[in-house]
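Student: Position chain X against the provided structure of chain G, taking the given hints into account.
The residues making up each chain are set out below.
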Amino acid sequence: MKAAFLRLTFWKVIAVAIITFGLYSTFLRFTQGLASVTNLSDSFPWGMWIGFDILCGVCLAAGGFLICAITHIFNIEEFKPLTRSAILTAFLGYVMVVFALLFDLGRPLNIWHALIMWNPHSVMFEVAWCVMLYSSVLFLEFSPVILERFQLTRLLKIVKRVSLPIMILGVLLSTLHQSSLGSLFLIVPAKMHPLWYSPLLPVYFYLSAIGTGFGMIIFESYLSARSFNKGLEMPLLSRIGLFAAIFVAAVFVIRFSDLALTGKLHYLLIPCQETYMFALEIVIGMIIPFAILIQKRNRQSRKWLYFGSVSLIVGALLNRLNVSITALNGFSKANYFPSVNEIAITMMLVVIGMIAFKYAVQYLPVFAEEEHTEVLDTNVVVENE
Amino acid sequence: MSTQKGLLFDSTMCVGCGECYRACKTTNKLPETNSDPLKDHLSCSTYTVIEDHQGKYTRKLCMHCAEPTCASVCPVGALTKTSEGPVVYDENKCIGCRYCMQACPHSIPRYEWTSNNPRVRKCIMCHERVKAGMQTACAEACPAGATIFGNLDELKAEALKRIKESPSTYYPHVYGMKEGGGTNVLVLASTPFDQLGFVTNLPDEALPNFTKRALEKIPTVVSAGTVFLGGMYWLTKRKNEIAKENAQAKERKN
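Those protein sequence lines, which keep their order, are chains G and X.
The first sequence begins at 458 in this note's numbering and counts up by one.
The second sequence begins at 15 in this note's numbering and counts up by one.
Worth flagging that the hints you see were computed from the coordinates, not collected in a lab.
One thing to keep in mind: the hints can contain errors.
[To be verified] Heads up, simulated DSSO-like pairs for lysine-lysine below, C-alpha to C-alpha not over 27 Å straight-line:
1) G:614 x X:251
2) G:648 x X:192
3) G:648 x X:231
4) G:617 x X:258
5) G:617 x X:251
6) X:264 x X:251
7) X:258 x G:790
8) X:170 x X:192
9) G:537 x X:264
10) X:226 x G:648
11) G:648 x G:537
12) X:95 x G:648
13) X:53 x G:648
14) X:253 x G:537
15) X:53 x X:70
16) X:192 x X:95
17) X:264 x X:253
18) X:253 x G:617
19) X:226 x G:721
20) G:790 x X:53
21) X:192 x G:721
22) X:70 x G:648
23) X:192 x X:145
24) X:43 x X:95
25) G:614 x X:253
26) G:614 x X:258
27) X:258 x G:537
28) G:537 x G:617
29) X:70 x G:790
30) G:537 x X:251
Since the model is a prediction, treat every value here as computed from it, not as a measurement.
With the rest of the complex left out, here is chain G (with noise of 0.2 Å):
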């Protein structure tokens, strides 16, 4: 045990490199202020931070929800198996959002402010509470897990009891804030570019918020299978990569038919960084996507599927990013680029979730037999159907 922790491998190398980077400008950026670390200014005050690790971070924990949602409410129990990884990689990345925040807020130590000093006004304070709650039910949603390891069975009763009401709470809590991360931009309509503003921000949030959980599904069970061992539920997976070429395509539809209505294709004929930017975001979320996942043959393929699921993430991701940054950055003529040092803290925590994940995995039971032996039962139900 001892010796295959010491054990040196390429990738330890990078986590413990990547660290200590970490670790040096987090101690700049507390002793000497923003400034000495991002790039962020008077005319950007949002960054990377706020564009990646928080608004990306949180897209990439919609896996959580909407597993549950599938699982727990539409009550499809064949996907049971992949529920608790699904929690646990929202429930760290949550964490890791709210660690996130801590290096972004200006006065870090001043957050619990929003407990006791409310604004009702502000989609910032609305986002906050959700956060807040839903982390403590993502941590309910995985408690099980940890009451099972070690077998506190009385409290895992009561815990199993109020189960639905708390998925339920969960999918609510999720519902509002993915689709209130987009609101916090509604307020800048003469800031962003045309392409992006929309009313519709909050519910393009929350749709691809959506897609990139189905993608997420895929991606973390193809991880998984791979380090862990253990078989891929192929069939189920595929049916997940089918919805998620549906749904991508509907959000295509939507989008389009918003650039139409509201006169602004013509933006897409201007050649400049914001029309790259969108195209890419578009090519790569969702033309690759439905292109990949849209036929049964590459849906059957483990290799398509994960190309698939990791098309609709990144393209997500692009979104998100595009959003927070590049429809920003022509007003403000700041040319924003992140720094080294905001960089290495978003890698930083990057690599403490993923290692937090892989212990996780390592001593409890995420990828419990229990679950497995449940799922044999309801393939008995579909079968005789």
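Tutor: Relative to the frame of chain G, chain X by itself:
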């Protein structure tokens, strides 16, 4: 009669002397940032500047919106619109999210980026002085009468009167009359306002309404969502049960 105070800046009368800039620095105890007030820019140590647009001078400062975007977006209510008119900031509440800076349609708030306990900095229309019945430092210092302080209603009437009396001098619009729902700082100019660096693509509607419309839907989403999710749970569970029963019945028959 509204108790709201405001400022009227008539850029056609401004001579670019820099007295308002210096008075602002003194009153707010701000460090010197530039010996030439025409070459400075807004920063955490400078709340107002004079800009030279090809010989036409204009001032830049917080517009003190009637319905301030910054106050509406602040999650902890650190920014507030006072009954006297100034939009003020409470650093003890602030958590430093900088949503105010992101959201301000006039891009006014500045930040203490190098500080370890940074504050948002902007013109607060000399709130302490105004509460005490005095005028703002900049208005008091202006030797040309370009910046005047007074009741907002009277200033609006005055601005319209000036345009009416000498239409050849003025571009026929008072900036701040309806931009983003109107502001307590009004501006007159001889040229279109975009030529003086003002934001001219703002809607007439107050910007907080744009997020209000989204926030108003939350109760509907929550109640409809609960019913929908609860209903789906019940429906799909029942469906699974029936499927199971049927399966068992079939088994028994065999």
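Student: All hints, please: hold or fail.
Tutor: Do the hints match the structure? See the list:
no. : hint          : result
1   : G:614 x X:251 : holds, 20 Å
2   : G:648 x X:192 : holds, 18 Å
3   : G:648 x X:231 : holds, 24 Å
4   : G:617 x X:258 : holds, 22 Å
5   : G:617 x X:251 : holds, 16 Å
6   : X:264 x X:251 : holds, 20 Å
7   : X:258 x G:790 : violated, 63 Å
8   : X:170 x X:192 : holds, 11 Å
9   : G:537 x X:264 : holds, 26 Å
10  : X:226 x G:648 : holds, 18 Å
11  : G:648 x G:537 : violated, 44 Å
12  : X:95 x G:648  : holds, 23 Å
13  : X:53 x G:648  : holds, 25 Å
14  : X:253 x G:537 : holds, 17 Å
15  : X:53 x X:70   : holds, 14 Å
16  : X:192 x X:95  : holds, 17 Å
17  : X:264 x X:253 : holds, 17 Å
18  : X:253 x G:617 : holds, 21 Å
19  : X:226 x G:721 : holds, 24 Å
20  : G:790 x X:53  : holds, 19 Å
21  : X:192 x G:721 : holds, 26 Å
22  : X:70 x G:648  : holds, 26 Å
23  : X:192 x X:145 : holds, 25 Å
24  : X:43 x X:95   : holds, 23 Å
25  : G:614 x X:253 : holds, 25 Å
26  : G:614 x X:258 : holds, 24 Å
27  : X:258 x G:537 : holds, 17 Å
28  : G:537 x G:617 : holds, 15 Å
29  : X:70 x G:790  : holds, 23 Å
30  : G:537 x X:251 : holds, 14 Å
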